[in-house]
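**Q** Residue strings, one per chain:
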Amino acid sequence: MGMNPALNPIVSPITPAPPGSEGAVARHPNYLNVKHTVRSWLLTTDHKRIGILYLFSITLFFFIGGGAATLIRLNLLTPSGLIVDGADYNKLFTIHGVVMVWFFLIPSIPATMGNFVIPLMIGAKDLAFPKINLLSWYLFVFSGIFAFIMITLGGADTGWTFYTPYSTAFSNNYVTLTVCAVFINGFSSILTGLNFIVTVHKMRCPGMTWFRMPLFLWSLYATSVVMVLATPILAITLLLVGIEHIFGVGIFDPKLGGDPILFQHMFWFYSHPAVYIMVLPGMGVVSELVTCFSRKRIFGYEFIAFSSVAIALVGFLVWAHHMFVAGISVYSASVFSLLSFIVAIPSSVKVFDWTATMYKGSVKLDTPMLCALGFIGLFTLGGLTGVMLATLGMDVHMHDTYFVIAHFHYIMVGGTVMAYFGGLHYWWPKATGRMYSEVWGRVTVCIIFLGFNLTFFPQFILGYLGMPRRYHSYPPEFQVYNVLSTAGASILAVGYLLPFAYLPWSLRWGKPAGNNPWRATGLEWQTASPPPEHNFEVTPVVTEEAYAYHLRKAQNGASIAVTSAGVAPVTVVIGPTPEN
Amino acid sequence: MTSSLDTSFRLFPEQASTMARQVDHLFYYLLGVLIFFTLAIMIAVIYLAVRYRRRDDNEFPAEDVQNFKLGIIWTISPFFFMLVMFFWGASLYGQMMRPPENTIVINVVGKQWMWKIQHPEGVREINELHVPIGQPIKLMLASQDVIHSFFIPAFRIKHDVVPGSFAMEWFIASKPGTYHLFCSQYCGTEHAEMIGHVVAMEPGDYAAWLSGVPKDTPPAAAGAQLFVSWGCNACHGERAPTMAGLYMTKVPLDNGSSVIADDDYLRESIIEPSAKVVAGYPAIMPSYRGQLSEEQLMALVAFIKSQGASAAPSGVRTTPSTRPVNGQSPDYLPNFPPARQPVPAPSP
Chain A
1 MGMNPALNPI VSPITPAPPG SEGAVARHPN YLNVKHTVRS WLLTTDHKRI GILYLFSITL
61 FFFIGGGAAT LIRLNLLTPS GLIVDGADYN KLFTIHGVVM VWFFLIPSIP ATMGNFVIPL
121 MIGAKDLAFP KINLLSWYLF VFSGIFAFIM ITLGGADTGW TFYTPYSTAF SNNYVTLTVC
181 AVFINGFSSI LTGLNFIVTV HKMRCPGMTW FRMPLFLWSL YATSVVMVLA TPILAITLLL
241 VGIEHIFGVG IFDPKLGGDP ILFQHMFWFY SHPAVYIMVL PGMGVVSELV TCFSRKRIFG
301 YEFIAFSSVA IALVGFLVWA HHMFVAGISV YSASVFSLLS FIVAIPSSVK VFDWTATMYK
361 GSVKLDTPML CALGFIGLFT LGGLTGVMLA TLGMDVHMHD TYFVIAHFHY IMVGGTVMAY
421 FGGLHYWWPK ATGRMYSEVW GRVTVCIIFL GFNLTFFPQF ILGYLGMPRR YHSYPPEFQV
481 YNVLSTAGAS ILAVGYLLPF AYLPWSLRWG KPAGNNPWRA TGLEWQTASP PPEHNFEVTP
541 VVTEEAYAYH LRKAQNGASI AVTSAGVAPV TVVIGPTPEN
Chain B
1 MTSSLDTSFR LFPEQASTMA RQVDHLFYYL LGVLIFFTLA IMIAVIYLAV RYRRRDDNEF
61 PAEDVQNFKL GIIWTISPFF FMLVMFFWGA SLYGQMMRPP ENTIVINVVG KQWMWKIQHP
121 EGVREINELH VPIGQPIKLM LASQDVIHSF FIPAFRIKHD VVPGSFAMEW FIASKPGTYH
181 LFCSQYCGTE HAEMIGHVVA MEPGDYAAWL SGVPKDTPPA AAGAQLFVSW GCNACHGERA
241 PTMAGLYMTK VPLDNGSSVI ADDDYLRESI IEPSAKVVAG YPAIMPSYRG QLSEEQLMAL
301 VAFIKSQGAS AAPSGVRTTP STRPVNGQSP DYLPNFPPAR QPVPAPSP
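These protein sequences, in sequence, are chains A and B. Going by my numbering, the first sequence runs without a break in its numbering and finishes at 580. Going by my numbering, the second sequence runs without a break in its numbering and finishes at 348.
These are computed hints drawn from the structure, not numbers from a lab. All C-beta atoms, glycine included, are put in the ideal place defined by N, C-alpha and C. Careful: at least some of the hints might be erroneous.
Chain B stretches covered by chain A per the calculated footprint, using a threshold of three residues with CB under 8 Å from any CB of chain A [unchecked claim]:
hint: 1; segment: 63 to 73
hint: 2; segment: 94 to 101
hint: 3; segment: 124 to 132
Straight-line distance between alpha carbons at most 27 Å, and here's what the computed DSS-like set of lysine-lysine pairs gives [as the list claims (entries may be wrong)]:
hint: 4; chain 1: B; residue 1: LYS69; chain 2: A; residue 2: LYS360
hint: 5; chain 1: B; residue 1: LYS276; chain 2: B; residue 2: LYS116
hint: 6; chain 1: B; residue 1: LYS116; chain 2: B; residue 2: LYS138
hint: 7; chain 1: A; residue 1: LYS255; chain 2: B; residue 2: LYS69
With the sequences and hints as input, model every part of the structure.
**A** Below is the structure:
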């Protein structure tokens, strides 16, 4: 089979671009330059373009949610509340929660990086259902419009948890609109999950067995299962909230014969697994980053793969740990406490294995690796404080205080957002064909790490001192910690704004990346950067396990590439499919 | 107020109840485990990142380090730390959820956005709770609108107050002082204003305080009045079960099961009488849903409780029925005599 040298991914995967070849990256036909019209973007079924569409959409929402967070932190500078009153403050934290959970964190890594790299990693041309993939994005946008209208009209004040009977019988602002936004958003999530599951099952290239898959795929697969199984529960719960709110049918309101605790069971039956929807993909990214930047096969591949599955399964059985002081029985509380400890074990296994991967490796602290190491540290602290909260007698005091706020921000922001930035920088050269500024990248990660800890560490102390969450004003002795937290938030904000300068800058002035700037294993690095429209010119064949960095030595170090003729290498065959 | 609120800077909250000390001991253990693992991971990460830093861009280590045994060890070993946490935490939780016998019961009703408190002697307070130290206090909690949560950080206790049911928390204050009282479950616009103080006093000071403040009708007496004014006494004792000696006894139900006549059962039997029908009595009692306030419900429970221990009930006197009802012998009737174990009623 004839090979177009410009597209043959194995000819020059790691050969640096020759001097003076700036601009050459964009010359080969790729998914970015094949078509230029707006229509070609809005009607695209290319998973890579849809990933980019998601990137823009969720970035917008990240800034809406971040804006609300900024106002929250500003308000808490003084004990009496600096800028807003209770009513407005309640809307701010509701907007912050709803937007960050459903419009940023849940789609963040799966819908952007998952969309972009899943087919590349398994050697496929696209996801299993490209049109459904586009539909997912449109549902997301549609739900986003609802959210946007809700915010501009004046917002809702239920908190992202919509606890009844407050949300159904007492809150008289835009609850229905908010519930609709989240309801529609759920379908986007379900379709994405479904698409990923079928893709991983049916679209793997020859030789790509389950246990040769990169761990990012295992984590996304586990995430997708949770998305598909848990999100419908949320849809039903919110539908019932809407029915009670609009028509006054008694479901959750005790005045109408309903049960408020039933709502909490239903809500957390979705929302606790949703926590794993948010963090599992981040763990997958970290597995990719730690191996790549240690040039070592991951320590305990099977342990990490199965721990993702275990988290997804056991994650369904711990929901009532959000309800230890809500009036559940001592026996059921004990069962949920024990199960919550058990779900922590697969997470700890991952942390140990990532750390051990660096042993006898070749560690380079590039931006993505700094993010991964930041993730390991912050996630460890977030996870261990989660274990504290799973401890029954302890949770009674800590429940609904800033300790809980700090705990889940360590997981969601310190963990997921850190992994998101790591993945963004890692796959940026692949997606754009250009290198970002490594210096600015590293500076940014350090700023984010410091700002994050200054923002959220004081909140652990605040929480143990007893400051309840969702307070727009507070007793004066809590001010010191709140000022520290707000100061940290301003540093964090700078950290989050910096990539908006240097990443777009790289699109024009960044060094051409070449196919494989990190010399990583993995099929996505064996094709051009940016990848061609259908990813691979010919279907790749995989003959080795993931992360086989130790085999690179035998191939004279850097040479992943084999002969220019495209003869099957020991590692990755990119050539004619042997059979079918 | 005996002393003003301590607003000094601190790292750990004040310990002002017997439970606070115990919770803090558990906290120190958890903190120790946290610091140990966080430091271990951080040191390992930094050490490995420095020790195995890339020295040459063409460097590809040839060794694939795998160790299945180590993987198994660190999968299983954290569980032992966690078992300690689990049992320790669960035993504390069990204590928190089960009050001792000799408690003083103080009624607390939460509403947007205040706490209405009534002592058994009838004294009422709003957003302020005076308690003697060294004495087990049980708070009986109810909400008349949305979910609130009664949180006293210095005592390390809180419990959600869910409308439609009673909740309970208890404590023994151990140190005189004034402490924060917060609503910790988001309840609407003025959630952050639903705060107050708990004033823990020496028993002598408390007695002095109690005698110096105006008193309303005590809950039990108010309940006795309600029992008559709502006509409860027209049936209960004759066509319906008596209240005498009922509280916390085992009541046989018409479906063959039985239930302990605790606060929640009594409340449910007023709001939703058909939910649990006492064996041997027709299900004719109407529902009082929406007709009685939370305070009235609490008063009725306090009244029924006051009829509990005494063999010759005071207050509203009723004559226990001796007539067979629905063809059953009086032996099946609940609480008559109270000491006797009821024979299981035939299932319908």
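**Q** Do at least three Cβ atoms from the segment 63 to 73 of chain B come closer than 8 Å to Cβ atoms of chain A?
**A** holds (count 8)
**Q** Check whether the Cα positions of LYS69(B) and LYS360(A) lie no farther apart than 27 Å.
**A** Holds, because 18 Å separates the two Cα atoms, which is no more than 27 Å.
**Q** Given the hint that LYS276(B) pairs with LYS116(B), does the C-alpha gap stay at or below 27 Å?
**A** Violated: LYS276(B) and LYS116(B) sit about 30 Å apart, past 27 Å.
**Q** Taking 8 Å as the Cβ threshold, is the statement that the segment 124 to 132 of chain B is covered by chain A upheld or broken by the three-residue rule?
**A** violated (count 0)
**Q** Is it true that the CA of LYS255(A) sits at most 27 Å from the CA of LYS69(B)?
**A** violated, 58 Å
**Q** Can you tell me if the segment 94 to 101 of chain B counts as covered by chain A, using C-beta to C-beta distances under 8 Å and a minimum of three residues?
**A** holds (count 5)
**Q** Given the hint that LYS116(B) pairs with LYS138(B), does the C-alpha gap stay at or below 27 Å?
**A** holds, 15 Å
Going through the hint list in order, the structure does not satisfy hints 3, 5 and 7.
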